[in-house]
Structure formats: structure tokens, C-alpha cells
Amino acid sequence: MNTENTFIIDGSPIPFEPGQTVLEAALKADVFIPHLCYFPGLRPNGNCKLCTISINGKHSSACTTLARPGSEIENNTPALNDKRRLMLQMLFVEGNHFCPGCEKSGNCQLQALAYELEMMTPHFNHFFPNRKVDASHPEAFLDMNRCITCGLCVQASRDVDKKNIFILSGRGMASHVVINSPSGNLGDSDFSMSDKAASVCPVGAILPKHRGYSVPIGKRLYDGVPISSQTEFLKTRKA
Amino acid sequence: MLSPQEPPKRKLRVATTSLSGCFGCHMSLLDLDENLLALVDLVEFDRSPITDIKHCGPCDIGIIEGGVCNSENVHVLREFRENCRTLIALGACAVNGGLPTLRNGLDVREVLREAYFEQPGAVCNTIPNDVELPLLLDKVHPINEVVRVDYFIPGCPPSRDAIFKFLTDLIAGRTPRLDYPQMRFD
Amino acid sequence: MSFDNSSAVGVLEPILERYSRNPHHLMQILRETQEHLDFIPQWATDYLAEALALPRTQIQSVIDFYAFFYDSPRGKYRILFSDNVTDRMQGNMALLSRMLSKFGLTQGQASGDGLLSINTTSCTGMCDQGPALLVNNHAITRLSSQRIDQICELIKEKKPLAEWPAEFFRVEDNIRRKDVLLATEMVNGQALKRAIELGPKGMLAEMKASNFRGRGGAGFTTAVKWEACRNAPGTTRYVVCNADEGEPGTFKDRVLMASFSERVFEGMTIAGYAIGAAKGFVYLRGEYRYMLEKLQATLEARRKANLLGKDILGQKGFDFDIEIHMGAGSYVCGEETALIESLEGKPGKPRIRPPFPVTHGYLDQPTVVNNVETLAKATLIAQNGGAWYHGLGTKLSTGTKLLSISGDCDHPGIYEYPFGVRIAQILEDCGARNAMAVQVGGAAGTCVARHEFGRKIAFEDVSTSGALMVFGNNRDMFEVARNFMHFFKHESCGFCTPCRVGTTLICDTLDKIANGKGTAYEMNELSRLHQLLRSASHCGLGQSAGRPVNDTLQKFRPSYDRRLKQKDFEPAFDLDAALIPAREITARDDIDAHLGADQ
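So the sequences go chain by chain: Z, P and U. Using my numbering, read the first sequence as starting at 1 and increasing by one per residue. Using my numbering, read the second sequence as starting at 1001 and increasing by one per residue. Using my numbering, read the third sequence as starting at 2001 and increasing by one per residue.
Check the hints yourself; a few may be wrong.
Capping the alpha-carbon separation at 25 Å, the derived lysine-lysine pairs in BS3-like fashion look like this [to be verified]:
#1 Z:Lys28 x Z:Lys58
#2 Z:Lys219 x Z:Lys209
#3 Z:Lys162 x U:Lys2316
#4 U:Lys2346 x Z:Lys163
The set of hints was computed from the structure by calculation and includes no laboratory data.
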């Protein structure tokens, strides 16, 4: 192995190509680092902070940190996983995440990470915000109750679809996705289910209509196999 | 110094209840089938739909299904917390409020008006106000927002395997953990 | 309001023309639009979107992000009470209530007749002469009941702001101690001339010799920044003066901009000369809107004197000019990458670093972002040399530091000290006789307790961007921390999970303790949340947001403990109050219609 382009995660050497981020190189080597706002091929966002790792003793986001030779990285440690679980709990109480009533359940990355990190409870007091459900589009509905403001739809729509349909607005706890259409409704935009933006949502905020619970419980993506064992799937997703 | 040894063979006393839930979690508990017998070897039931005991006495373990949606739920939950050494939230509604929290975005007055006046077939034209009836809280809460809770078993409902694994761990003195397939939010 | 083409053309077109329809000037266009229309109506957003070729939502996102932009009517008079802890100590809440009751309004509500709205805002930088408020973003200082009553009358009479007593708007400098910066007379152009004599490399060498460190708080060596920018590949270079002084309790840049702007502009020009930039921006916080016209006049005079513009001081090819960019109510824009986003006309969310602004800054070009004080002091180094400057202060913290002192002391104001001064000395000088604690460096800074008053102001000991708030014996440090925490929650940009949700969770926990519902459980939560925010947040705001709580928990623990219940848990909300709506609609008030406290 070329030691010049290698770094260490939890004691194991990981090769990388110059320009790769720690997260990309790790995924390529089938080493799982929890993440929500990263999608292969889209510019890293760095906002969910689930991929927080410790590089030479300093905390940093794996998705935005370029791999460097010789870095000593901690990833799958109890201390880091505690922090990640805390952030998952924050995301769960911030929105309205009721898995039994969500068609994304079983295929949801937020849920899968909660399983992976053994999040038994959202722990904090729920905010129970009032958020918008937009069913105006013939092919898709938007349920902002589940949005975690990761920005992936914003990027995919802007950089891949070249449509600029989604944008993050507001600040602090009032941050939310808005739709670029005269009425502010998705049905009024030129959004289509074949857009990349339609398929990058890690949660159930953007879902196709007329599909429902199409895959039986037990056969869904994360029912039997933890997300940490699905690096092949995670790295081959295409933007 | 005492040497580690088996815990005393006293049967643990367990109480269960359903607050604002659908009894689905209790159905899952009953679904333990023959494991229920194994469990009964280890525990005896205090207040529970299974025993029909009306009030909870001192217990080792209290199991709560459902969230907190009205004043009676608060009283029952407090009774359990007071009497149970270990309190467990069983299932989605106890853990995060569950589907009843869908009303949290609405004014409870509107909810009642809709249910008793506006619904097709609503004939009473009055909102029931008998003093025997518990009043609704303005919002539905998971139980850990009202009392301290020691353990949480997610799931809607949690599978019988999850319940069995969790309880047998707990009774044996192991910090309970679910295996991956038992860890489910739906 | 419906679309009105004549207002659109009449109001918006001149503004658009003034800013050359450049979408990077969106913030200034919005500010001027609001100055004309009192808010930014939907039709104006639509018109600007068309004229600037921006998605409508992008403009909306800018309006939504900045506290001083409104997309719905907030009245002809928009009153914002400064709500720093020093304003609290000076009684701002009673004055706020007084004003609200005069108009029968609740906080944040716009009056039905479109006359006014009253709310609070983060520290407006008038702590030495508070309590203070902003009316349509113009500062009024030294509020008293009498002054509030007068303001209410003026509003009721619908008197234009221009006709309000000038005395209301008087802002004192309150300079109490002068050292090399404040005591040295400045002859315009002299420092710049000297820099030109030295040449860009010579000037850089002097900066290096001075070992000068940036005065914004982080303390990065200025020469290293300048040199990195100078050497970075790029087509255009920029100098940005960070006058977004938002750290609660800080007002030294206010004084520098108000009374020493020549020095600041000259420092910027020297920086531009040293790094090879032709363009500079002053990012002036929205709270200092009152200075804008005067600063622009100063810039114009400097252009006339050939201290700005083309071939400055006859130096062929040395072109440099300065533009002022007004902020609009966002603390996080003090973070240099957020500031650059804001300069580009976007919401001020901190960028991912690296790359750093010195290589990829404004419009992705090499950019130096320096604090106001840093740039002002560069003129001293040009004039007197790096070796001279190096002789001031301490070895690791050369030179002097401006401190904004407020709180429980007889003489609040600006103090210039050589680095290394002990806190006890400062307290003596400002007449703080009964200090129990000093918050150094603002909300994000360090809470220093009495037993530490022997510590020094220096990068190697207690580091500061320039705020020093004094708290006397009778103050409640729990409430101080709670005020700071609410500030961070209000100012969190919302980009990253830990800061966005965590600042709210910490505030909720502190509020719960304040409401007498806290237990040991909450104390544990506070520590856990602070640890997470510190290590996982995207920028300095989130990383330091938990500090006031952490520091006061360590040093003033009894102020928390005495509020705690001796139980293991208590709900955050009032259970009996949660039954109010149901009691109301069922008309019940029997004993079972109530929930008592848990026994």
C-alpha cells in the first residue's frame, strides 16, 4: 500500500486519492462514517455534523475535510458516537418525526442512523413545530415536518437539475426550505419526480405520490442490515 | 468482600398500563406466547390490564404504554413513578408521543369542537363536561416530559422479541440492549 | 399591498441604478428599499428579483435571515430596545413595558394603525450610555422614563425622525484612557506616505517585526494574513474592514468609526497597498447606521485629497477605493466567512474552511478581513515602525488594546491599555469597587471571578476582542448567563445541527431552571450540551455559545443551585396551565379539572 496517500481511521490504514475528503475515502474503503447531508457527487454541505470525527485530537467534519497523509482519525468511538446520538436526538425533537406514519420508514437515513447508534429515545423535550405539508404537485408531496434542513435538495436542484427550485431560508430555529414558485407551492414549480432533487432527501420530506408503503416491513433497505454495513449502496448513489 | 453471585430468586413485581395508546404494545406483550410463561416464572404482575388490579403498589418495574394526553394519564403516570423502582416507556407513543401528537399543531378547543359539533353524525351539540371525565392537556407529551423515565423501548409496537430481550436483560441485571432487528421505530 | 408599478419605478429604480443593478449589492438595495417603504413588500421582492435576475426565493432568504429586514409591515416607527445584559442592568425592561403599555401593544406586535412596533434586539453597542434603543435603525441613548414618554409623544404626533431632538441621538465617545492609538494626533496621509516609502514588502516587513496580532479576538498574526493574501493566486484582491461589532458589551469600534475613521480608512489603504488590493469594504453593523453619511463624506474628502482613488499620492498604479456595506442585524456576520457571504448579498452563514478568505474570499478572490482596531493600528506601525510597536505590551501580545468597559462601574467607556494590564488595575481605573465578576470578551468570552482579578489582558492569558462587562456584588450570574444564551439562540444562523438546536435546548433548560422547575437533571444536561456545541459546531458562535453557562456553572454554581428543586425531575411545562383550554371549553373548574404539583 502506498503509505504516502494513506491515513488512519481507528487504527486501520485507509488509502485515498488527493482531493478526496475523509468521508469519501472512508466510504470507498467500506469504512462507515455516519452522515446525513452528504451525497456522492454533490458538493459537501457540512451542516448535519453527524460525520464529526477527531483528527489528530481535533474535531472536524469528515465530509468537508480533505484527506491528508498520516492523519490519525478517530471515528467509531463511544465518545464520538455519544455526540452523534445527541445530534440525532436534536434532529428528532426539532421536527415532527413519526415513523409509523411515514412512507420513508425503513428506507430513511435518519432512522437508520438512530438504529445504528442505538437511539432509544429522542430524550429532549419535543418542539412540536407547526410545519407545512404541500400536496400541490401531482407527482410528489412535501412534508416539512420531516425536513432536517440538510440542503441536499437545494444543491441537487441548483447544481444537477439547474432548476433552483429549493432554497433554505430563515435563520436559527426558523430555518426552512422554501419553493421558488409564484405561490410558494411545489405544484406551481417545474419540479418533476425525475429531478435529482426528488431522490436525494435522506428523510421523508420529499416523497412520491401514488406509491404508499410499497415494500413490506422486513424487506426495506434498513430492516435487516444496519446502515454501517451498506457502504456499497451509500457510495454508489449517483448525483 | 462479597463475591459476585446470582441475584436472590425473588420474583420481581411488575405493573403495566396504557395511557394515551392503542393497547398495541400490550398486545405485543401478550404475543410473547410461550415466553410469557418464561416471564411469569421471573415476575409477578401488580396493576396491569392482565390482572385488573386498579392501583399500583410498590413494584420493581413499571411499564408504560402510550403518551400523556389528559389529566388522568398524569395521575396514573405519577402513581407508577412513585411506586416503581424502574420505569420503562414502551412503544412509540410513550417514547415520543406517537400519532396522538398529530393534534399538537391544533388548538385543543378546535379539536373538541370538530369532534363534537362539526363531524357528520355529531348529535350531542355539547362538549362532554362531566366531572368524571379527564380533561385533555393542550398538547400530547411523551412520558419522559412529565416524569423521569429510566428506559425506553421504541417501536410501534415493539416486537415481542424486543420486549422479551429487554425485560430478560433487565431482570438478569444486564443493561438492556436490543439486537439490530429488534430496534425499530415503526 | 398590490403591485404598484409607479412606486416600483419611482422608488426601486433609483436605488437599482445607484447600485448598478449588481446583485452583490442586494443587502444595500434592500436596506434602501425598506428605508423608503418601511418594509419590503412582496411586489418589491418580485420587482427586484426580475431586475437583478435572482430567484425570488433568494431575495426572500436574505430578508428572512437578517433581523432588520421585514417582509410585513412593522409600522412607521420600528422600535428595538437593546437587550444586552448591561441594558437589563440599566432597567431597559421597565422602559420597554412602559412604552408597550402607552400604546397597548405586546412585544413584537405591530399596531393596527400601522404606526409602530416595539421589540428587543441584540446589544446595540451603547452599553456605556444605555439603556438604548433603535428607532428605524437609528440609535437613541441614555433612555429614561422621561425620554420614553417624549418618544411616545413624538410617535403619536407622527413627527418625522429628522425633527426629533438631536440630543436623543447624541452618542458620546466616552474615552477614558488614551495610549498610543488614541493619544497620537493623526495627519491624514502621513502613515500612507510612509508605507509608500517602505514599499509593499517593506510595509509587510514592519508588520512582521511588530508581531502584531489581530484585534478581532482570534489573535491571528496580521502580517501572516497579509502576506498569505498577497501571495495567493487571484485576479483581484480585497481588503475588508470588519466593523460588524456584534459581541455584546463591545463598542470600541463604534468609537473608532465615529471619531477615528480617517485612521481606519488609512489603515485599509495601507493594507491594500501591502497586499496589492484595489478595493476595500467596510462592513458596518446595521446598528451603526447613523454614521453612514458622515463616513461617506470622509471617504469623499479622502478621494479629493488623493488618499483614495487612482494613483494615490501620485504613486502610479496604486489605485484603491473603499465602499461601505451596511449589515442588517446579524451577529454571526462578524465571523469572516459569514461576513463575506453577506458582502456578496447572501444570508450570512459561515463557509466551510478551508479554504480561508486569504485565498478564497470575496467573490472567491484573495481577501484580507481585519478588525477595525487592527487596521487603525497599522497606521501606527507604518509611522513608527514595527520595532517600536514590538516594544509595547507583552512579548506574545504586542501593543495596546482598546477595551469597551460597561456594567457596574463609575466610568464606563473606552480604555486603551498596553497588553498585559491586570484586570484589578482596570477595575480600579473604571471605578468598579464591588465587582464580583467580569465578563471579558463579551458573551463568547471568559467569565472572570474575583479570585482571578490578578489575571492579565493578553492573548496568552485572558484574551478579548474588547468587551469588559463588570458585575457588582448584587448581580445574579445565572441571569447573566441566561441573557447571553438567549443572545446566541437569537443569533445562531441555523446552518449546523448542534448550534441550531443546541442553543435552543440550552435556553429552554435555563428557562426551566429560572421558572423554578430545574433539578440536578438539568445541571447534567447543561454540561452535556456545552461539550457537544464546543466540539461539533461549525463556527465560533456555536463553539463558544455554551461558555457563559459553563463558566458561571464553575464559578457561580450557587446562583444555579439555589433555584433547583430537591427532586429528581420536574416537567418543564405547567401541567395545570396545560388544562386551561380544556377547562375553558368545558366550563369546568372542579377539583378534578386541575392538576396539582407532583408530591
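Exercise. Would the pair Lys2346 (chain U) and Lys163 (chain Z) pass a check requiring their Cα atoms to be no farther apart than 25 Å?
Worked result: Roughly 19 Å between the alpha carbons, so the hint for Lys2346 (chain U) and Lys163 (chain Z) holds.
Exercise. Is the straight-line distance between the alpha-carbon of Lys219 (chain Z) and that of Lys209 (chain Z) 25 Å or less?
Worked result: holds, 20 Å
Problem set entry | Restraint check for Lys162 (chain Z) with Lys2316 (chain U), where alpha carbons must lie at most 25 Å apart | It is violated: about 45 Å lies between the C-alpha atoms, which goes past 25 Å.
Exercise. Can the restraint linking Lys28 (chain Z) and Lys58 (chain Z) be considered satisfied, given a maximum Cα separation of 25 Å?
Worked result: Holds. Lys28 (chain Z) to Lys58 (chain Z) sits at ~23 Å (cutoff 25 Å).
Against the hints set out earlier in the document, a violation occurs for number 3 only.
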